[in-house]
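Participant: Sequence:
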Amino acid sequence: MKSSVEKLNDTRVKMTVEVPFEELTNEIDQAYKTIAASVNIPGFRKGKAPRKLIDARFGRGPVLEQVVNDALPSRYEAAIAENQLVPLGQPKLDLTKIEDGDVIEFTAEVDVRPDITLPDFTEVSVQVPALGDEEEAVNKELDRLRERFAELTDVDEPVAEDNFVTIDIKAVDAEGNPVDDLAADALSYQVGSKDLMDGLDDAIIGKNKGDEVTFTENDNTITVTINAVKHRTLPEVDEDFVQLASEFDTVDELRADLREQAVAYLKNEQAGAIRDAVLDKVLADTPFEVPAGMVDEQAHAALHQIFGELAHDEDFMNRVLEAQNSSMEQFMAESKQHAEKDLRVQIFLDVLAEQEKPEVSQQELTEHIVFTARSYNMSPEEFMSQVTKGNQLGALFANITRGKALAAALCRVNVTDETGATIDPKEYFAPEAAEEAEAAESTEDATDNA
1 MKSSVEKLND TRVKMTVEVP FEELTNEIDQ AYKTIAASVN IPGFRKGKAP
51 RKLIDARFGR GPVLEQVVND ALPSRYEAAI AENQLVPLGQ PKLDLTKIED
101 GDVIEFTAEV DVRPDITLPD FTEVSVQVPA LGDEEEAVNK ELDRLRERFA
151 ELTDVDEPVA EDNFVTIDIK AVDAEGNPVD DLAADALSYQ VGSKDLMDGL
201 DDAIIGKNKG DEVTFTENDN TITVTINAVK HRTLPEVDED FVQLASEFDT
251 VDELRADLRE QAVAYLKNEQ AGAIRDAVLD KVLADTPFEV PAGMVDEQAH
301 AALHQIFGEL AHDEDFMNRV LEAQNSSMEQ FMAESKQHAE KDLRVQIFLD
351 VLAEQEKPEV SQQELTEHIV FTARSYNMSP EEFMSQVTKG NQLGALFANI
401 TRGKALAAAL CRVNVTDETG ATIDPKEYFA PEAAEEAEAA ESTEDATDNA
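Counting in the UniProt record's numbering, the sequence shown runs from 1 upward without gaps.
Some hints here could point you the wrong way.
[To be verified] Keeping only pairs whose Cα atoms sit at most 25 Å apart, straight-line, the calculated DSS-like set for lysine-lysine is:
no., residue 1, residue 2
1, K97, K14
2, K341, K357
3, K281, K357
4, K33, K52
[Stated by the list, open to error] Across the chosen pairs, the derived CB separations fall in these ranges:
no., residue 1, residue 2, range
5, S379, R57, 49 to 59 Å
6, M332, T117, 24 to 34 Å
7, V39, D10, 45 to 55 Å
8, L152, Q363, 46 to 56 Å
9, T214, D313, 21 to 31 Å
10, A81, K33, 20 to 30 Å
11, P129, Q243, 30 to 40 Å
12, K46, T25, 18 to 28 Å
13, E6, K33, 29 to 39 Å
14, F316, E381, 28 to 38 Å
15, F21, L310, 53 to 63 Å
16, S385, L152, 39 to 49 Å
17, V360, K140, 31 to 41 Å
18, V345, N414, 14 to 24 Å
Just so you know, these hints were derived from the structure itself, not from any lab. We put the CB at the ideal spot given by N, CA and C, even for glycine.
Sequences are here, hints too, so could you generate the full structure?
Facilitator: This is the structure:
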């Protein structure tokens, strides 16, 4: 077999592959066996008809077609390996020559991974925010817990920031047609949360129960009726509250537990900042192209997913985008930006993994499966069933490999915080630290879901 490569651009090549017939003996034998087993020829048992009779009866065409179908995939893979290419996506195969008894020639156009020169991570320096304040984080978590047990009391006062209101909402478009997607009855809303539409807070702050206000949002006229104004009262932090809201008996015990969670959260947050800063820097310093077709494919996949979540209602999707001061063109442009960044990270980490050559143990694979399944609110068995059905086990393994390779590289970078203090990245990314971080994140998820 002979192959040659024509570089179409930095991320796409065209291979020309010639396969002599003497290398196709197995495929030719199998083609005759397949045809003989699928036809009935008088005087011969099924599968026993001789080659000459098959050629005389059906011609050489079906045999050659079968040979080509069987030979091209394996010869394509062999040519890829021979030329040390890393394909990204499926090839476009074209049969360009078939001379019976002599040679088969085909071409394959395919996106390939660009050449990347990795940086020396010992020379990479980044600065990240200092570790957050523990006491502030503890008090924030304590306030979140208090908010879960807060009492709402009706008040005869003007609407103010942080009040809860019960409202009815009606909306019409510029032509006076009702906009049902924006309508609601007896809706509870926390003033200042910005959870609903722009302009709502400004319209209702200072108004009273029974008032009706009107404002404009994205060419829609919104009418809001205030049915109730409520004040939120947070419980005092005492032993009664602690025993009601947690598994602990005393305030000190609760605060100690919240402090442990807060420290783990703050360290995890700083680890994420280090990871993001390093990736941003090395990617900025390592220019390479990403196949345009892959970017388009991933961007359209994001559109398809969101479109499916909206029941394939194009009008509704356009209204959602309009409510976000966006458009389909802007959405696709942003999707392509995100896709290109994601693909650059993935390609870079794949090259890094080839350099670092991390080993993934069965235990690490199992732990990753359990952790990932939990993030999707699935059992490990359900998650693995989905992975197997989608033939995604290789992708799952690759994700672990990329993560381990990045962690190894991060241990070699130079990190300081905004005060100038040196941070040892090994505290976050050495194998034992990564295990502790994953355990802390699992605890945090469990707490959030409680």
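Participant: All hints are to be evaluated individually against the structure, with a verdict given for each.
Facilitator: How the hints compare with the structure:
1. Simply put, K97 and K14 have alpha-carbon atoms about 16 Å apart, close enough for the 25 Å limit, and the pair holds.
2. In summary, the hint linking K341 to K357 is supported, as the alpha carbons are separated by about 24 Å, within the 25 Å threshold.
3. About 22 Å separates the Cα atoms of K281 and K357, which keeps this hinted pair within 25 Å; it holds.
4. Taking the CA atoms of K33 and K52, the gap is near 13 Å; set against the 25 Å cutoff, the hint holds.
5. At about 57 Å, the beta-carbon gap between S379 and R57 stays in the expected band of 49 to 59 Å.
6. Checked against the hint of 24 to 34 Å, the C-beta distance between M332 and T117 comes to roughly 32 Å, which is consistent with it.
7. Taken as a hint, the range 45 to 55 Å holds for the pair V39 and D10, whose Cβ atoms sit roughly 49 Å apart.
8. In this structure the hint that L152 and Q363 lie 46 to 56 Å apart at CB holds, the actual value being about 49 Å.
9. T214 and D313 have their C-beta atoms about 28 Å apart, which keeps the hinted 21 to 31 Å range intact.
10. A81 and K33 have their C-beta atoms about 28 Å apart, which keeps the hinted 20 to 30 Å range intact.
11. Taking 30 to 40 Å as the suggested C-beta distance range, the pair P129 and Q243 conforms, at roughly 36 Å.
12. A hinted range of 18 to 28 Å for the beta carbons of K46 and T25 is consistent with their spacing of about 23 Å.
13. For E6 and K33, the Cβ-Cβ distance of about 37 Å falls inside the hinted range of 29 to 39 Å, so the restraint holds.
14. Here the CB-CB span from F316 to E381 is close to 36 Å, well matched to the stated 28 to 38 Å.
15. Range check, F21 to L310: about 55 Å between beta-carbon atoms, so the 53 to 63 Å window is met.
16. Distance hint check: the CB atoms of S385 and L152 are about 44 Å apart, consistent with the given range 39 to 49 Å.
17. Distance hint check: the CB atoms of V360 and K140 are about 37 Å apart, consistent with the given range 31 to 41 Å.
18. Judged by the Cβ atoms, the range 14 to 24 Å given for V345 and N414 holds: they are separated by roughly 21 Å.
Violated hints: none; the structure is consistent with every hint.
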